[in-house]
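Student: Using the sequences plus the hints, can you model the full thing?
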Amino acid sequence: MIDHFTITVDGKPVAAKPGETVVRACEREGIHIPTLCDDKRLDPAGACRACLVEVDGQRRLQPSCAWKATPGQVVKTHVTSPRVQRHQDVLVSLYMADHKLDAEGLPVETENRNELRRWALDTNPIALESVEAPRVARAGDTNPYIQYNPELCILCARCTRYCDEIEAVNAITLTHRGSETTIGTAGMRGLLETSCELCGGCIDTCPTGALIEKKAIGILPQQIERKVRTTCNYCGVGCQMDLNVAKVDGVEKVVRVTSPPPGETVNDGNLCIKGRFAYDFIHHKDRITEPMIRKADGKLHAVSWDEALKFAAEGMKRVAQRHGPESMGFISSARCTGEENFLMSKVARAAFKSGNVHSCAAT
Amino acid sequence: MKSFGAGVMSNSIPEIRDLDFMFVIGSNTTEAHPIIAMEMKVARQRGARLIVADPRKIWLTEYADLHLQLKPGTDVWLVNAMMKAIIDEGLVDQKFIDTHTEGWPELKANLAKFNLTDAERITGVPAAHIKAAAVEYAKTRKAAIYYTLGITEHAHGTDNIFSLANLVMMTGHLGVPFGGLNSLRGQNNVQGATDAGATPLYYTGFQPAGDPAIRAKFEAAWKTELTAGVGKNLNEIMKGVEDGSVKALYVMGEDILISEPNTNHLEHGVKELEFLIHQDIFMNETTKHAHVVFPGANFAEKDGVFTNTDRRVQRVRKAVNPPGNARPDWQILADFARAAGYAMPHYKDAGEIYAEIASLAPRYAGISHDRLDETPMGIQWPCPAPDHPGTQYMHKDGPVKGKGTFIVTNFRPPVELPDKDYPFNLATGRVLYHYNAGTQTRRDSGTMAKVGECFIEVHAEDAKQLGVNDGDMVKVVSRRGGIKAKVWVSGRVQKGCVWMPLHFTEAAINKLTIDVGDPLAGTAEYKVCAVNLIPLRERAAAQAEAELQAVRHPQA
Chain U
78 MIDHFTITVD GKPVAAKPGE TVVRACEREG IHIPTLCDDK RLDPAGACRA
128 CLVEVDGQRR LQPSCAWKAT PGQVVKTHVT SPRVQRHQDV LVSLYMADHK
178 LDAEGLPVET ENRNELRRWA LDTNPIALES VEAPRVARAG DTNPYIQYNP
228 ELCILCARCT RYCDEIEAVN AITLTHRGSE TTIGTAGMRG LLETSCELCG
278 GCIDTCPTGA LIEKKAIGIL PQQIERKVRT TCNYCGVGCQ MDLNVAKVDG
328 VEKVVRVTSP PPGETVNDGN LCIKGRFAYD FIHHKDRITE PMIRKADGKL
378 HAVSWDEALK FAAEGMKRVA QRHGPESMGF ISSARCTGEE NFLMSKVARA
428 AFKSGNVHSC AAT
Chain A
473 MKSFGAGVMS NSIPEIRDLD FMFVIGSNTT EAHPIIAMEM KVARQRGARL
523 IVADPRKIWL TEYADLHLQL KPGTDVWLVN AMMKAIIDEG LVDQKFIDTH
573 TEGWPELKAN LAKFNLTDAE RITGVPAAHI KAAAVEYAKT RKAAIYYTLG
623 ITEHAHGTDN IFSLANLVMM TGHLGVPFGG LNSLRGQNNV QGATDAGATP
673 LYYTGFQPAG DPAIRAKFEA AWKTELTAGV GKNLNEIMKG VEDGSVKALY
723 VMGEDILISE PNTNHLEHGV KELEFLIHQD IFMNETTKHA HVVFPGANFA
773 EKDGVFTNTD RRVQRVRKAV NPPGNARPDW QILADFARAA GYAMPHYKDA
823 GEIYAEIASL APRYAGISHD RLDETPMGIQ WPCPAPDHPG TQYMHKDGPV
873 KGKGTFIVTN FRPPVELPDK DYPFNLATGR VLYHYNAGTQ TRRDSGTMAK
923 VGECFIEVHA EDAKQLGVND GDMVKVVSRR GGIKAKVWVS GRVQKGCVWM
973 PLHFTEAAIN KLTIDVGDPL AGTAEYKVCA VNLIPLRERA AAQAEAELQA
1023 VRHPQA
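Read top to bottom, the protein sequences are chains U and A. Residue numbering for the first sequence follows my numbering, starting at 78 and increasing by one per position. Residue numbering for the second sequence follows my numbering, starting at 473 and increasing by one per position.
Think of the hints as simulated: they come from the structure by calculation, not from any bench. Predicted model, so just to flag it, every value in this text is computed and none were measured. Among the clues, some could well be false.
Unchecked claim - Here are the in silico distance ranges between beta carbons for each label pair:
1) U:Gln135 - A:Pro848: 34 to 42 Å
2) A:Asp842 - U:Glu329: 22 to 30 Å
3) U:Ile301 - A:Glu933: 28 to 36 Å
4) A:Asp845 - U:Ala204: 42 to 50 Å
5) U:Arg137 - A:Pro848: 48 to 56 Å
No residue lacks a Cβ here, since even glycine has one placed at the ideal position from N, Cα and C.
Tutor: Laid out in structure tokens, this is it:
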């Protein structure tokens, strides 16, 4: 079985694997083909028509997201094909006629991202009359995390396919007919009353910001100072996530958590409700902010680090001297880092000569 | 691990989607490891077969081809009967057994008594289903087993694991990609904590604490004399607190009064401690008794590594500053050690600490913060050298300990079985929407909107007999204590069984559970204990509800 062959894209040789689609092969070579309904985690839908290319021997333009590469195939994208360019100009205009536009007539910026806006900037859209589709959102959906903005939806069905193929709960679906088609649930109930697990994968995959996180409404991408790639602190899967940091009242805070791109990390860009949304604890008002010691009045009092450390060291040493290292216990934490667990074992063994060190790892 | 050396996930998460057969036992994967469950569901949609063994009709059973709904605590019987069926069908991998294992004749002889008829009677699973699961597992090449606390949190937890290890070895599903025995670890860094040496049995990197040569190595590195032998494990330390032999505790990042079993008894011991240091991000039950409270940092406020369930070492990176005077926990520990008179190095960052770990533990020798920063997928240990790619699956050239050992296991009933006074079998577990003691997830609106209070799953017939309806309050009592919970009449539990989540402080479920530990691992029997349910009359119910509300909304 051959494991690689070559196709030609815009006159250049591109390596492809058997069974691979044209868009995946191009992506690896850094050739940009616009897509809206494509997500490499999902089966190709070929629905949005943004990725159409000319394929030698084919009368019609073909969707590169679903079209399999074959040895020797000759493909032309918008870079070399005027026909594809014309197609894109018209298609982007049709999408824009049914989309919220800003003062400059471009698809609006959204909290998530808007690939339609980016595409409009790369093409030459024709101004068409707005159609104002009667698409509706679910009235009275009180779920606290996921917001659906029907005026930004292009019905690419990435969210519903994600909900079916990856999360496999089928909470949302394309519903209604014709121009009223929208993203709905059974009986148009709120997400809390459906099988939805609030994983937020629909927000992650949505290309136009029609789905956004309620907790982060109003925070546009340009307000994010940096995204910090880290490991989730909940279960043992080790999902990678990006902490989005922005200034809130002059203080840097984690204002949102987003997925890394699919294919890069162990979680393939997926997160669950806890990883994606349960980050309010980070800056919670109940956080302990000062070292404290219990004084003669039986109450805890905030003190300086020096005082707290001295008090703690003396207290532990007193017990060690009186009762020996066997009377000490050092409980480390599976919530803390490897380095911290290492140091706890070193504190127990080296500083207090005690082997009584364990983490909640046992349970 | 005694069977083939390493109680971790032998294989990798990215292999799951290409499996042909998955056997999930004692793991509520969709709720405890949602992203691994997603991979299982993707495999399922691709055509892989899924068999789930669990006393409850957990979510994952909706995607399963077969659900083996065994009676609680009968795992050893189920797995041994599967092995017996595999022998009877002539499906053992004799070549693997001959090349890589020892103890087969003894195991085979012992299995003779685990026939399918008795298995059905004891486990409650139809014999045909046990046989079908066994045969399919043995016949499928790309077949893997996943388990978690439903297997380990029993007084016979190690027997359960040995049984599964026997099953894996006898069918040759070890040392190959798309196979293995995979323990799904429950917490972000539960693997890393043990790896790092926060265990009485091992120094950093699973180097036996009882080995004088290892101790000498650490004495040289740490420039001090160290105590010989192994110390007390968590269960023993907690027993020591209860009986007064442990006088001082340094507790980091855990609420022992919520998380440890039989907390009524423990609380008394904690009050009597001569000295208690508690280091955490929130005040909790343990803080109330602390002599010193150190404010730590959460994962978004510090650097370091977590090691996930498939041995993947990955970076934790600081995004924001800790609040007020809170500090990264590694700084606190180093400062404390120096205050106590030990010459802990002045580490300039967590990377320097990791370098010390790598210098002491051969299996992490090839890992560094710099290398991890260039590796978005993380590095799976063992990784003995900087040019080593890490290890996707273990035991490639035979079990790491040399020969895999078949360990004979026999059925031991749970420590506490239901009786006339305590007629229900209580199991505890997690729900998707919360995490452990809930200190983080109960501070978020959506997770609370999904599951906002403590509940108890009760079978419809039991509910009828008790005269309680969905939403009624009951008092759940065991021989050790009692707590209140709202009844959820549920099709998930078997008749005679009840189930509760462990996340709700005000209902502190571990007031009920037993602190009898597994003799080898010291893991407590959280999964099986006997309770009674006492319906609360209307007024009492209203009062209980008011109390719950008061705890949940203290300002109101």
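Student: Which numbered hints turn out to be false for this structure?
Tutor: 3 and 5
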